[in-house]
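*Asks:* With the first letter of the sequence shown counted as 1, position 107 gets the number 133 in the numbering used here; the numbers rise by one all the way through.
In case anyone wonders, no lab produced these hints; they're calculated from the structure. Since the structure is predicted, the reported quantities are computational estimates derived from the model, not experimental observations. Keep in mind that the hints are not guaranteed to be accurate.
[Claimed, not checked] Below 20 Å or equal to it, Euclidean Cα-Cα: the simulated EDC-like pairs (lysine to aspartate or glutamate) are:
#	residue 1	residue 2
1	Lys184	Glu202
2	Lys94	Asp116
3	Lys140	Glu127
[As the list claims (entries may be wrong)] Label pairs and their in silico Cβ distance ranges:
#	residue 1	residue 2	range
4	Gln399	Arg288	41 to 49 Å
5	Ser165	Gly295	39 to 47 Å
6	Asp116	Asp383	33 to 41 Å
The beta carbon of each residue, even a glycine, is placed where N, CA and C say it ideally should be.
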Amino acid sequence: MTQTDLGQSVFVARQPILDGGQGTHAYELLFRSGLENRCNMVDGDAATLDVIAHTFMEIGLDELTAGKPCFINFTRKLLLERTPLLLPPDVVTVEILEDIEPDAEVIQACKDLKAAGYTLALDDFVLADCGSPFLDIASIVKVDFMGTTPDEWTAIGKDLTARGIRGLAEKVETQEEFETSRDVGYSYFQGYFFSKPVIKEGKALSPTSMGYLRLLQEVHKPELSLTKLEETIKQDPSLAYRLLKFINSAWFGLRTEIESIRHALVWLGPPQIRKWFALVSLRGMAAGKPNELMIQALTRARMAEELADAAGMPEKACDLFLMGMFSVLDALLDQAMTEILEKLPISPQIKSALLGDSGPFRNVYDLVLAFEQGQWLAFSACAAGLGVPEETVQTVFTKAASWAANAFDLSA
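Make the full structure from the sequences, and use the hints.
*Replies:* Rendered as structure tokens:
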């Protein structure tokens with residue numbers, strides 16, 4: 027891989043989390059947009075997704091943590107979408123931000139993550155939080171030593187110890203604070219007294235949009251063709267680089283390095299291939315575009331797929347899914363639909379439908395659009411023409427919208 031193959035610089039800051047003997051227990055990974063040691067992104071979802079992508083795809087987990095676990099902040103939205111499930115539970119500690127309310131949905135999401143083997147940590151804990159339901163789930167609690175008093179350090183430390191929860195003293199500034207926190211039962215320590223966050227730089231490759239599109243077509247087929255996937259990835263050096271970097275990371279703990287695309291795909295298998303592709307491609311295609319555009323595409327795709335049976339085309343469900351997904355490509359890629367579709371080896375029925383030609387696929391597409399846009403007279407006519415009950419479409423839409431929001435996970 028030459029320097030000219032690389033794109034713009036990407037950055038992740040890491041700050042060590044130490045044990046009582048001042049040995050490194052883990053690293054907290056933090057978003058940075060440059061070499062300045064501060065976060066200037068207000069979108070917490072995007073910041074976390076960038077940290078994940080940069081860590082596992084560009085810089086590399088091995089280089090950032092040297093085999094140690096990593097703490098990553100997750101927002102409410104990402105918790106509800108179970109985004110951490112894309113990451114290895116033995117490597118990633120899920121850090122729950124302090125502004126997240128412990129409502130029923132969040133608590134259930136956290137229970138699901140804990141049941142899946144993830145360690146959960148609470149951020150910026152204060153004495154008033156000692157009744158929080160998060161304490162029934164969390165294994166580690168981070169206490170801000172700059173935002174609490176020495177008496178509160180002690181009270182919280184004793185309470186956590188009694189509950190069997192490990193305390194993490196953060197923002198430790200002095201030797202005295204370190205010794206005090208250790209003496210009252212804290213297990214882990216983090217702060218400028220030990221080390222400021224250190225910024226690591228990597229290079230983000232720039233995969234071609236057509237590479238994304240071809241992969242998108244392949245991974246949504248009922249049966250994945252490893253041969254076609256391999257050919258597509260080989261045509262885009264950045265996709266090949268990211269896949270091999272991903273699978274050779276500490277995530278999988280492989281004893282021997284995987285050097286070929288084919289070997290990587292066989293070793294991963296379909297479920298992990300889809301996880302990897304979701305992590306890399308959806309966010310890449312939507313770069314610089316409103317998140318709602320991709321959610322719209324996913325909703326249309328799922329609706330069209332689910333309506334296949336009711337419309338008398340059950341064997342075309344996969345093609346209808348692709349039709350819905352590709353329906354926003356002109357807006358996503360800032361190109362005319364005719365130009366985009368000329369480059370894609372997809373079904374003529376999909377192309378015809380997206381170009382406005384009449385036919386069974388276009389009838390389903392018109393039904394989805396009429397419902398989406400609230401054009402109720404046109405919607406009723408489309409539903410009647412296909413023989414699809416109107417209430418069926420409402421049910422399909424509700425489920426599709428929920429599925430799209432969850433499927434968006436690392437693509438936002």
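*Asks:* Taking the hints in turn, state whether each one holds.
*Replies:* Hints, one by one, checked against the model:
Between Lys184 and Glu202 the alpha-carbon distance is near 18 Å, which keeps this suggested pair within the 20 Å criterion. Straight-line distance between C-alpha atoms of Lys94 and Asp116 comes to about 10 Å, which keeps the hinted pair within the 20 Å bound. Taken as a hint, the Lys140 and Glu127 pair is honoured in the structure, with Cα atoms around 18 Å apart against an allowance of 20 Å. Between Gln399 and Arg288, the C-beta spacing of about 44 Å keeps the proposed range 41 to 49 Å intact.
As the Cβ distance of Ser165 to Gly295 is approximately 30 Å, the hint placing it in 39 to 47 Å is violated. Checking the proposed 33 to 41 Å range against Asp116 and Asp383 shows it is violated: the Cβ atoms sit about 52 Å from each other.
Comparing the model with each numbered hint stated earlier shows that hints 5, 6 do not hold.
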